[in-house]
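Undergrad: These are the residues of each chain, in order.
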Amino acid sequence: MKDIAIEVKGLQKSFKQLHVLKGVDFEVEKGSIFALLGSNGAGKTTVVKILTTLLKQDIGTATINGFDVVSKPESVRQSISLTGQFAAVDEILTGRENLIMIAKLRHLTNPRQVADDLLNRFGLKDAAERRVSTYSGGMRRRLDIAMSLIGKPQLIFLDEPTTGLDPEARIEVWKVVKELSEGGTTVFLTTQYLDEAEQLADRIAILHEGRIIANGTLEELKNLFPPAKVEYVEKQPTLEEIFLAIIGKKEEK
Amino acid sequence: MDSIKKHFFSDMSVMLGRSMRHIFRSMDTIITVTIMPIAFMLLFVYVFGGAIQTGTDNYVNYLLPGILLIAIASGIAYTAYRLFMDMQSGIFERFHSMPIARSAALWGHVLTSLVSNAISVVVIILVALIMGFRSSAGVLPWLAVAGILALFTLALTWIAAIAGLSAKSVDGAGAFSYPIIFLPFISSAFVPTETMPTVVRAFAENQPVTSIVEAIRALLSGQPVGNDIWVALAWCIGIILVAYIFAMRVYKRKAA
Ligand SMILES: Nc1ncnc2c1ncn2[C@@H]1O[C@H](COP(=O)(O)OP(=O)(O)OP(=O)(O)O)[C@@H](O)[C@H]1O
Ligand SMILES: [Mg+2]
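Residue numbers (my numbering), protein chains in the order written: chain A, 1 to 253; chain B, 254 to 509.
Among the hints, erroneous ones may be present.
[Said to hold, decoys possible] Derived DSSO-like pairs: lysine-lysine, alpha-carbon spacing no greater than 27 Å straight-line:
1) A:Lys72 to A:Lys175
2) B:Lys505 to A:Lys56
3) A:Lys178 to A:Lys30
4) A:Lys125 to A:Lys56
5) A:Lys222 to A:Lys152
6) A:Lys30 to B:Lys421
7) A:Lys125 to A:Lys72
8) A:Lys16 to B:Lys258
9) B:Lys507 to A:Lys72
10) B:Lys259 to A:Lys152
11) B:Lys507 to A:Lys22
12) B:Lys507 to A:Lys16
13) B:Lys421 to A:Lys9
14) B:Lys505 to A:Lys72
15) A:Lys222 to A:Lys22
16) B:Lys259 to B:Lys505
17) B:Lys505 to A:Lys16
18) B:Lys258 to A:Lys152
19) A:Lys56 to A:Lys16
20) B:Lys421 to A:Lys72
21) A:Lys125 to A:Lys152
22) A:Lys9 to B:Lys507
23) A:Lys56 to B:Lys421
24) B:Lys505 to A:Lys22
25) A:Lys222 to A:Lys178
26) B:Lys259 to A:Lys72
27) A:Lys56 to B:Lys507
[As the list claims (entries may be wrong)] Computed spacing ranges between beta-carbons, pair by pair:
28) B:Ala292 to A:Ser133: 24 to 34 Å
29) B:Met501 to A:Ser133: 27 to 37 Å
30) B:Phe456 to A:Asp68: 47 to 57 Å
It is worth saying that the hints were derived from the structure and are not from the lab. Just so it is clear, CB atoms sit at the ideal spot from N, CA and C, and this is done for glycine as well.
Go ahead and model the full structure; you've got the sequences and the hints to work with.
TA: Quick look at the structure:
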């Protein structure tokens, strides 16, 4: 039997008239990377909020490590960490102060050491003493993710971790996610980008009109579509490849 | 569960440290909160003061309690503002998804409100001393004054919490404080109520500010406090209980 980190059954949620989730089911295996794919307004954030005990579902059940999110929220919060869609950082504090604050709230014995390690790991050492309000979007996102890693939670939720980042910063975030997974952390991420899910996820679920319309490994999902026709076309580099090539050259100089 | 309760006070002090940093990094809050009451004090003492008949020879002594209440009433507008900004920014979501007591975040703001208002009260008293304020009160009456002011701050802070938690805009979060700032003007804070028309006088004598002002004034001047202190305490504690229940209800609804 495989170990299940997240189990969701028949989840439904409405906001007044709007029936956002109409019966969502899925499972996430421990230690895997699971991507929930969906367009704007599909209900990805709603699923994340229910799983992180910020919102209550109307119908259905969700368990995290065997703990029900409604009846055992404290136990759920012990094992999770959330990086919400919009950076949840304190703008008035410095980067270091933000990290120390979370380390203290996680009751770690040496918050300063934890903060220093993360500042190094996320390339924020030089900006450590600056107020977060002066950070770029990418730096803010890195700090946000770093704050979520404090205390080594078993399960991390990342709600659209790369939306709004440039390709370089995006790849950095991908690297972090892969490292987390290699360390045994279960990662639940949402995204609007197919290629992100392709890059990272062991399993991909597509949320559409309130239901999971497809769920499987990348291979399984590809098989759902008609086989790709083989055509001979000159391959144009993607914008991303061009951008990275130029950036790469700059840094070599 | 137990560990969450065990850490409640340390979590709350982390929250307090956080919002105190916010206050000290935006000095304009402290300045706004102390300058306006000080300006009122200057205006009333040096402009209107000569014409006002209060039956005392030291008008600064007469005026100070009301000025302190105005300062606290304008100070708590910032409590509502900070709470509103936290609700908006998503940092509360982070706190609420962590294994810490949910109310620690809210209590952090309440404590911050007490500390920051205490600072502005002290600053204003120092300015009043320069302007000629003198008190013969000993340690105990001063402690009683501090206690009443703390309860008044707490009462207004919980009202501010309701506003900050349920507001839809920044302006909405602070708007509730204007009528409260205005209350001392229709009380015995600046002039005795005897000269007011009957209806205004009835209101002035039966609203909370008058009993609080009278109680503080009596304590500071070494007069017998009489009933005023009990009426003042009843008002403060009554408001605290009601506002606390409503604020907690809003908080639970907003934070699932
Ligand atoms: N608190 C709320 N009150 C009312 N409607 C809400 C609320 N939260 C979300 N909705 C609505 O529910 C729907 C799903 O929202 P949700 O944020 O879960 O989508 P999403 O998939 O995360 O979208 P995006 O990619 O834009 O982040 C949207 O139509 C949204 O307007
Ligand atoms: Mg979303």
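Undergrad: Now, for every hint given, state plainly whether the structure supports it.
TA: Evaluation of the provided hints:
1. Proximity of lysine 72 of chain A to lysine 175 of chain A is assessed by CA-CA distance (about 33 Å); at most 27 Å being required, the pair is judged violated.
2. This hinted pair checks out: lysine 505 of chain B and lysine 56 of chain A have alpha carbons roughly 12 Å apart, not beyond 27 Å.
3. At roughly 14 Å between alpha-carbon atoms, lysine 178 of chain A and lysine 30 of chain A fall within 27 Å of each other, so this suggested pair holds.
4. For the hint linking lysine 125 of chain A to lysine 56 of chain A, the alpha-carbon distance of about 39 Å lies beyond 27 Å, and the restraint is violated.
5. Distance hint between lysine 222 of chain A and lysine 152 of chain A is unfulfilled; the C-alpha atoms sit about 34 Å from each other, more than 27 Å.
6. Of the supplied pair hints, the one linking lysine 30 of chain A and lysine 421 of chain B is violated, its CA atoms being roughly 40 Å apart against a limit of 27 Å.
7. Pair hint lysine 125 of chain A plus lysine 72 of chain A does not hold up; C-alpha atoms about 38 Å apart against a cutoff of 27 Å.
8. Distance hint between lysine 16 of chain A and lysine 258 of chain B is unfulfilled; the C-alpha atoms sit about 35 Å from each other, more than 27 Å.
9. Using a Cα cut-off of 27 Å, the hinted pair lysine 507 of chain B and lysine 72 of chain A holds, with the two alpha carbons roughly 19 Å apart.
10. Using a Cα cut-off of 27 Å, the hinted pair lysine 259 of chain B and lysine 152 of chain A holds, with the two alpha carbons roughly 21 Å apart.
11. For a cut-off of 27 Å, the pair hint linking lysine 507 of chain B to lysine 22 of chain A stands: about 23 Å separates their Cα positions.
12. With a C-alpha separation of about 15 Å, the suggested pair lysine 507 of chain B and lysine 16 of chain A falls inside the 27 Å cut-off, and the hint holds.
13. Straight-line distance between C-alpha atoms of lysine 421 of chain B and lysine 9 of chain A comes to about 34 Å, which puts the hinted pair past the 27 Å bound.
14. Of the supplied pair hints, the one linking lysine 505 of chain B and lysine 72 of chain A holds, its CA atoms being roughly 17 Å apart against a limit of 27 Å.
15. Between lysine 222 of chain A and lysine 22 of chain A, the direct Cα distance comes to roughly 25 Å. Compliance with the 27 Å bound is thereby established for this hinted pair.
16. Straight-line distance between C-alpha atoms of lysine 259 of chain B and lysine 505 of chain B comes to about 21 Å, which keeps the hinted pair within the 27 Å bound.
17. Distance check on the hinted pair: lysine 505 of chain B and lysine 16 of chain A sit about 19 Å apart at the alpha-carbon level, within 27 Å; holds.
18. Restraint check for lysine 258 of chain B and lysine 152 of chain A: satisfied, since their Cα atoms lie roughly 21 Å apart, inside the 27 Å limit.
19. About 14 Å separates the Cα atoms of lysine 56 of chain A and lysine 16 of chain A, which keeps this hinted pair within 27 Å; it holds.
20. Restraint check for lysine 421 of chain B and lysine 72 of chain A: not satisfied, since their Cα atoms lie roughly 31 Å apart, outside the 27 Å limit.
21. A C-alpha spacing of about 21 Å is found between lysine 125 of chain A and lysine 152 of chain A, which places the hinted pair at or below 27 Å, so the restraint holds.
22. Proximity of lysine 9 of chain A to lysine 507 of chain B is assessed by CA-CA distance (about 25 Å); at most 27 Å being required, the pair is judged to hold.
23. Our distance criterion of 27 Å between C-alpha atoms is met by lysine 56 of chain A and lysine 421 of chain B, whose separation comes to about 22 Å.
24. Our distance criterion of 27 Å between C-alpha atoms is met by lysine 505 of chain B and lysine 22 of chain A, whose separation comes to about 25 Å.
25. Restraint check: the Cα-Cα separation between lysine 222 of chain A and lysine 178 of chain A comes to about 22 Å, which is no more than 27 Å; the hinted pair holds.
26. The hinted pair formed by lysine 259 of chain B and lysine 72 of chain A meets the criterion: a straight-line CA distance of about 18 Å does not exceed 27 Å.
27. Distance restraint check for lysine 56 of chain A and lysine 507 of chain B: the Cα-Cα separation of roughly 11 Å lies within the 27 Å cut-off, and the hinted pair is therefore satisfied.
28. Look at alanine 292 of chain B against serine 133 of chain A: about 30 Å separates their beta carbons, and that is inside 24 to 34 Å.
29. Methionine 501 of chain B and serine 133 of chain A have their C-beta atoms about 31 Å apart, which keeps the hinted 27 to 37 Å range intact.
30. In this structure the hint that phenylalanine 456 of chain B and aspartate 68 of chain A lie 47 to 57 Å apart at CB holds, the actual value being about 54 Å.
This entry does not satisfy hints 1, 4, 5, 6, 7, 8, 13, 20, going by the numbered hints stated previously.
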